[in-house]
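A.B. asks: If you want the building blocks of each chain, they are given just below.
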Amino acid sequence: MDLALLWTIQLSGLAAFLLIQLLPRSAKKIAPAIGIALSFLAAAASAKLLLDHANGFGLPVQFSHPWLAVSDRAVWPNIPVERYALFVGFLLDPLNLTMITLVTSISFFVQLFSFYYMNEDRSRARYFGFLSFFSFSMTGLVLSNNLLQTFLFWELVGLTSYLLIGFWYEKESAATAARKAFVVNRLADLGFYLGIILVLILFGSLNFTDLKSQALAQVLPPATLTLVGVLVFLGVMGKSAQFPFHVWLPDAMEGPTPVSALIHSATMVAAGVFLLHRAFDLFSASATTLLVILSVGCLTALTGAALATIQRDMKRILAYSTVSQLGLMTMAVGAGSSTAGFFHLSTHAYFKSLLFLTSGVFIHRFHTNDIWEIGQKGGKNDRLAIGFLAFGLLSLSGLPPLAGFFSKDLILEAIKEKNLFFYSGALFVSFLTAYYSFRMFLVIARGRIRREERPHAESRALKISRNVPLLCLATLSLVAAFLGMPSFHFNFEMLLTTAAILVSGGGLAILRFRDPEAAEQKLLAGKTFMQKILERKFFIDDAYEFLVKKVGLAIAHALNRFDRTVINGLMVNETSFSVMRLGRLAALLQNGALQDYLAWAMTGGVLILFAFLHFYRGTP
Amino acid sequence: MSQSLQSYLVISSALFAIGVFGLLGRRNLVAVLISLELILNSASLNFLAFNKFSLPDKSLGQVFVIFIIALAAAEVCVALSLILLLYRKKDSINVEDAKELRG
Chain C
273 MDLALLWTIQ LSGLAAFLLI QLLPRSAKKI APAIGIALSF LAAAASAKLL LDHANGFGLP
333 VQFSHPWLAV SDRAVWPNIP VERYALFVGF LLDPLNLTMI TLVTSISFFV QLFSFYYMNE
393 DRSRARYFGF LSFFSFSMTG LVLSNNLLQT FLFWELVGLT SYLLIGFWYE KESAATAARK
453 AFVVNRLADL GFYLGIILVL ILFGSLNFTD LKSQALAQVL PPATLTLVGV LVFLGVMGKS
513 AQFPFHVWLP DAMEGPTPVS ALIHSATMVA AGVFLLHRAF DLFSASATTL LVILSVGCLT
573 ALTGAALATI QRDMKRILAY STVSQLGLMT MAVGAGSSTA GFFHLSTHAY FKSLLFLTSG
633 VFIHRFHTND IWEIGQKGGK NDRLAIGFLA FGLLSLSGLP PLAGFFSKDL ILEAIKEKNL
693 FFYSGALFVS FLTAYYSFRM FLVIARGRIR REERPHAESR ALKISRNVPL LCLATLSLVA
753 AFLGMPSFHF NFEMLLTTAA ILVSGGGLAI LRFRDPEAAE QKLLAGKTFM QKILERKFFI
813 DDAYEFLVKK VGLAIAHALN RFDRTVINGL MVNETSFSVM RLGRLAALLQ NGALQDYLAW
873 AMTGGVLILF AFLHFYRGTP
Chain D
752 MSQSLQSYLV ISSALFAIGV FGLLGRRNLV AVLISLELIL NSASLNFLAF NKFSLPDKSL
812 GQVFVIFIIA LAAAEVCVAL SLILLLYRKK DSINVEDAKE LRG
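Chains as they are written, first to last, in the numbering used here: chain C, 273 to 892; chain D, 752 to 854.
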């Protein structure tokens with residue numbers, strides 16, 4: 273029963289993708305229906321799975337199948353294990369049961385919302401195909417029972433996100449953003465791949481059930497453990513947009529908004545944090561790795577939150593907020609409490625996808641991403657959207673008893689136990705989060721409520737596909753918070769701290785933006801030094817540009833010259849030229865003069881004769 | 752000089768050397784042909800000399816020599832006709848004028 277459900281979840285995305293691809297051109301209209309129906313099937317199957325195993329009953333279950341057996345003493349004579357067996361299979365435990373429910377439900381809602389959002393797009397079929405393939409890759413990643421299988425789906429997730437970010441590939445900026453996301457991820461995945469190879473060679477098994485910190489510590493020396501952990505973490509840094517690989521995530525906003533919702537909540541960036549939790553023993557085996565994770569997370573959280581405070585683009589604010597929240601999750605893992613990180617991932621997934629879908633409503637209606645413009649054009653008029661926006665933003669900034677509150681508190685608590693320095697960093701991040709959330713809301717909700725004619729009457733189906741996902745996601749984000757309640761214990765000091773931070777961050781925003789018109793005037797009048805730095809994104813993109821354009825190009829030019837002169841000139845051309853010169857020299861012999869030929873022939877004959885006489889004299 | 756094998760061989764090698772010299776040195780094709788005849792004759796002389804001094808059967812070498820003479824006659828036929836053709840084409844029988852096969 274379990275296996276059938278797992279196969280259903282795993283394959284429905286792929287089936288939807290294939291069906292949509294195989295549709296004849298005339299029938300492309302039903303592509304959204306296929307995508308939505310099959311993603312609903314997956315969501316229903318995972319809900320059934322969740323109900324079957326409520327409270328972790330009968331878990332974990334593993335379905336494993338040997339795939340490749342390698343034994344090669346000739347290559348590695350000193351390996352500790354006799355044979356390497358690579359497995360494929362499903363592993364189902366409470367962790368990925370939660371995750372799979374999250375992934376399938378959010379991708380269902382996103383598909384439903386896409387029906388509204390992409391209603392007028394010409395290549396809708398392609399869009400829904402890719403979206404289905406995206407959830408297929410992500411479910412594969414979540415359900416797999418070993419690192420290698422995870423890696424394969426990990427790469428598929430990367431590929432699909434490339435396709436979706438660059439969905440409007442006619443737009444130069446979208447194509448560039450997709451390329452950037454792809455290249456940055458490849459760079460980081462190199463580390464992941466090397467880590468997997470190291471684990472396979474040195475430890476001999478990639479199965480998550482075997483990767484326990486004690487077993488690892490028995491086989492591997494601490495330095496190697498650190499190396500492996502950091503290498504695998506490098507892959508996580510790419511996927512989960514950790515500093516300094518976070519640059520691709522804000523640019524990924526070039527894709528359609530529902531895709532951003534999916535990337536930012538359930539699929540792409542969630543993969544990294546999920547892996548952190550899944551292979552936690554691999555990291556926790558070395559304290560150094562955990563420290564690296566903690567500091568990278570802290571840096572990411574601070575960078576993301578700081579950059580979110582000045583952005584004008586609605587989606588970019590949300591993107592940087594995702595970066596900083598991912599930083600918080602990573603910090604939680606680094607502080608040794610991967611459960612808190614994962615809990616925050618699941619609550620964050622719901623309210624962040626809600627926020628993105630809400631921003632999709634605004635963007636679809638006002639045809640602009642700029643929060644000041646949306647505010648001016650009457651963002652307040654859309655009562656439902658502004659309500660969801662407020663709900664999402666309050667969850668994000670951690671107002672009790674909304675979703676973000678519980679998970680963020682858990683994280684803060686975990687970090688506080690570990691290290692006070694990082695704790696203050698996390699508190700500052702929460703402060704900034706409250707600040708930019710309030711700023712965004714205040715700017716969008718400015719202006720009077722005006723009567724305006726509706727841009728176009730929307731059909732009932734469109735309304736449903738617009739509102740139902742928003743409602744369900746809002747509900748689910750509350751539910752997810754209360755499901756995680758058991759691990760939460762009431763801490764008055766903590767409550768006081770977060771409340772103080774929320775009030776101060778929100779208060780500062782209200783102070784500065786209570787009159788958005790005046791704030792905008794001030795913004796246009798001049799920028800402070802800090803604002804300039806923030807607008808240049810801490811010069812990180814500039815640094816990358818310098819690295820690629822100056823250093824990279826210089827190396828490329830040097831290699832080019834080397835190739836031209838040494839490889840091509842000296843080795844290839846020079847060989848052929850010298851053969852040609854030899855040929856010319858030999859051609860001098862063939863001068864057409866009959867008697868010269870004769871003379872040469874005779875000389876040769878005489879020489880042979882002499883040689884013959886000389887060497888064979890005496891032998892009969 | 753007594754009639755020994757050496758004296759025959761000396762004459763024969765002298766003939767050969769003169770032939771080779773003519774073959775390589777002369778520019779006139781007819782002269783080259785004549786030099787070739789000299790080389791053939793020196794070979795015939797060798798056959799006769801060795802036949803006379805070292806073989807019981809006195810006729811074998813002479814048979815060879817007759818063959819050589821016949822061959823030489825045929826060869827001269829062919830060569831002279833080639834030279835004639837060359838003359839018609841080039842108005843010269845100088846060996847240096849026929850260098851079309853230069854590489």
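Any given hint could turn out to be false.
[Unchecked claim] Derived SDA-like pairs (lysine to any residue); straight-line CA-CA distance at most 25 Å:
#, chain 1, residue 1, chain 2, residue 2
1, D, Lys850, C, Phe884
2, D, Lys850, C, Trp440
3, D, Lys841, C, Thr875
4, D, Lys850, D, Leu760
[As the list claims (entries may be wrong)] Non-contacting residues of chain D with respect to chain C, defined by C-beta distances greater than 12 Å in every case (computed):
#, residue
5, Gln757
6, Leu760
7, Ala765
8, Val771
9, Gly776
10, Ile785
11, Lys803
12, Phe804
13, Ser805
14, Lys809
15, Phe815
16, Ile817
17, Ile819
18, Glu826
19, Val846
20, Ala849
[Unchecked claim] Not close to chain C: a few residues of chain D, all C-beta gaps over 10 Å, as computed:
#, residue
21, Ser764
22, Leu774
23, Leu775
24, Asn792
25, Ser810
26, Gly812
27, Ala821
28, Ile834
29, Arg839
30, Ser843
31, Arg853
It should be emphasised that the hints constitute simulated quantities derived from the structure, not laboratory data. Just so it is clear, CB atoms sit at the ideal spot from N, CA and C, and this is done for glycine as well.
A.B. asks: Provide an ascending list of the numbers of those earlier hints which the structure does not satisfy.
C.D. replies: 1, 2, 3, 4, 8, 9, 19, 20, 22, 23, 31
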